[in-house]
Amino acid sequence: MFYRLSGTFHTNYQADRKLWKIPADRWLVLTVFALAVLAPFLVSPLYLGSYVLPWIIWSAAALSLTLLMGMAGQLHFGFAAVMAIGAYSSIHLVRAGVPFEIALLLSGIIAAVIGAVFGAAALRVKGLYLVMATLAMQYLVDWVVVNVPWISGGAHATLRTPAVSFLFMDISSLASRYWLALAWAALITVFYLNVKRTSFGRSLVAIRDKDFAAAVIGVDPFKTKLMAFFTSSFLGGVSGAILAFCYYRAVTPEQFGFNVSIQLVAMVLVGGLGSVIGSYLGAGFVLLAPIFLTNLIAGLAASGWVPVSQNFLSHLPLVIYGAMIIGFLLFEPLGLAKIYDNIRKYFLVWPFRHARS
Amino acid sequence: MTWMRRTALSAALVAGLAVQAPAEEVKFGLLQDFTAVYTFVTGQYNQGQRDYLTLINEEGGIDGNTFTAIVRDTGNQPQRGIEAYNRAKEEGAILFDFLSTPVSAAILDQAGADARVVITPAHGRGDASDGTVFPYIFPMFATYWAQAANLVEFMKTNGGGIEGKKIAIVHIDSPFGREPLPILDALAEQEGFEYQSFPYASPGNEQSSAWSEVRRYRPDFVLIWGAGGGQAVSVRTAIQNGIAPEQIHSVIWLAETDAANVGPQMKGVKRFEATASGTELPIIQRIQEKVIATGKGSGEEANVGNSYYNLGVATMAVAVEAARLGLEGGEPLTGETLKAGFEKIAGYDAEGLMPPITITAEDHQGGGAGRISEWDGEAWVPVSDWHAAYPELVRKVIEESAAHYGEGN
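Protein chains in written order, with the UniProt record's numbering: chain A, 1 to 357; chain B, 1 to 409.
No wet-lab data here; the hints were simulated from the structure.
Not close to chain A: a few residues of chain B, all C-beta gaps over 12 Å, as computed:
1) Gly228
2) Glu336
3) Gly377
Just the calculated beta-carbon pair ranges, DEER-fashion:
4) A:Arg124 - B:Pro203: 23 to 33 Å
5) B:Glu331 - A:Pro149: 41 to 51 Å
6) A:Arg124 - B:Ala379: 57 to 67 Å
7) B:Ala201 - A:Phe331: 33 to 43 Å
8) B:Glu24 - A:Ser165: 35 to 45 Å
9) B:Pro203 - A:Val131: 16 to 26 Å
10) B:Gly92 - A:Phe41: 19 to 29 Å
11) B:Asp349 - A:Phe331: 50 to 60 Å
12) A:Val131 - B:Ser212: 24 to 34 Å
13) A:Pro333 - B:Val381: 54 to 64 Å
14) B:Ala302 - A:Ile339: 38 to 48 Å
15) A:Tyr139 - B:Ala188: 26 to 36 Å
16) A:Leu135 - B:Glu24: 44 to 54 Å
Idealized CB from N, CA, C, for every residue including glycine.
Could you put the whole structure together from the sequences, leaning on the hints where they help?
This is the structure in structure tokens:
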């Protein structure tokens, strides 16, 4: 009823290969995108700057990681380090006089090259062993950033981002920073949706499902795995640079620590491996649920509903948050994206339940 | 009925006009890390802060203005800190204390642009002491650089001279652990001692390799520079490696809990302190009488008088004193008037809780005084007087680093 499938026939290849075949889906995507573009006029600066902006940037980062983890099946527990490389490279490049647009690309390439070097471990090891190799990357990059004052910015290890402009638009106001981040997230999203339909995307999936079987049918595992790490690290590096310039505007090593890597993995897993909407939902959940819960519990405490000590009060949101993650994954192991998919499928044929696929 | 309401309204208006500046609720944002890295200090520190604000409210506030603490957990994550800051700012908070280096770093510039006061007592950037570069940031107490200078001076005066001696600095491998190194470089040159740094990996649960190297170095003095659980491990491993407790000197982050964790061996270990500990202080006595005894305390009574509890009390004592001075002009409290109040503080010692501090528009460190205390098996006993060590040298390092910040770092 809501999706109005009647009369929608895919009579040629072009129509059948559309990203969103059903008109209702297209309208939904367009509406969400229009709302996202208009967000600076619709929500207060508090919500734009503290909720929507970080959500968009972390969604872009989660999308970069899900390309590697979801599509190519290569686990990466050091993705925050990739973002750190992007963030630090972009700042140093802009300071050296490189225009911001080019610095963004170069920082992505630097992150991609370093990420691919560590990704080379994936050529020999799989699964948990690959997790160890990428963890090593996390700690090595952390160590280098902290111990090389030239990178971290001296005694206090804080680097402020210089004022920049992007395509003649000054990136200093909250709205302009948000739009730049949104443009990047939209670009990654379109890229990701389309890469699934290319030969590269198909070889990634083949590698994920069984790498020697892929080799038998002519997919080069060496090239494909390295390319997976290279592409994903490129996107992650640029996302790191966007995070630095559009959100934090002052970069410290702690912003890219091991716990951030785990958060990114959690975003991808809770959202649903390899799914676009899952990356958005997962990033929103991992990033914003603790904040909402903290404010909710603090509000309840202020009105006298939960009379407990501050220490317990601070840990209560974490307890609920943990229970929510377990609950979601028990309820639907394939993540939030699958829950969305189930709801969509239900309404696709509603009210004719028997017609469900 | 309308006329009644109108009369009542105008009466209220007249009554309101009679008071110079209408009494308000002054809001402080205490957005700290209760769940991640700073848990060793935050609980007691925040308890002290809130108990002191309750005490001031119980005593009638400042000119009728009462103080409210907005307390939130940030989990040491910058993005949660930014959210909590923006929200508390909207609720009207004019002073912030994050007690977290990454969160403070992420908000430094924004707070300056928003004209909100951020206090960074005993943490955060040392160069924020330069009020000309950081107008809204107030370290208030001795920075890590002033602490290191104070400890070195104590070694010099109480260890029989320092020339030709060897100091081992054993620190956590992080920007915080590295912080005293520039001032030690300058002091080593001036005083003619040598030092070597021995980093251990964060979080410091395992430090054996660092300490066996310290043993080979045969230091005359040992400086430990860490925080939380790592500190007790440092003291214990040092003693296992044949270093006498009397040789060990610590940064401010060594408290009663660490002493309990180390045990009787701890006796003789020294640390820097910015505030006195114990309950025999007038302010703490009043808190016990008016806040704790009436059941309005914000946490466990056993914590009252602990080092970190008293540090929290001292931070709010300074902030409330700044609010009092800021209100003297007759204008309501905002970020600007509170900042002006901070810069008027002169010789304030919170009734003996801390050294007298004087904050000026240039010096936001408040002089950088402190003292050394020693663990006698039961409590921290002061072994030196309140004073600032090498103030010119510390100031020079502050200004150099602040100039560096002005250039973008």
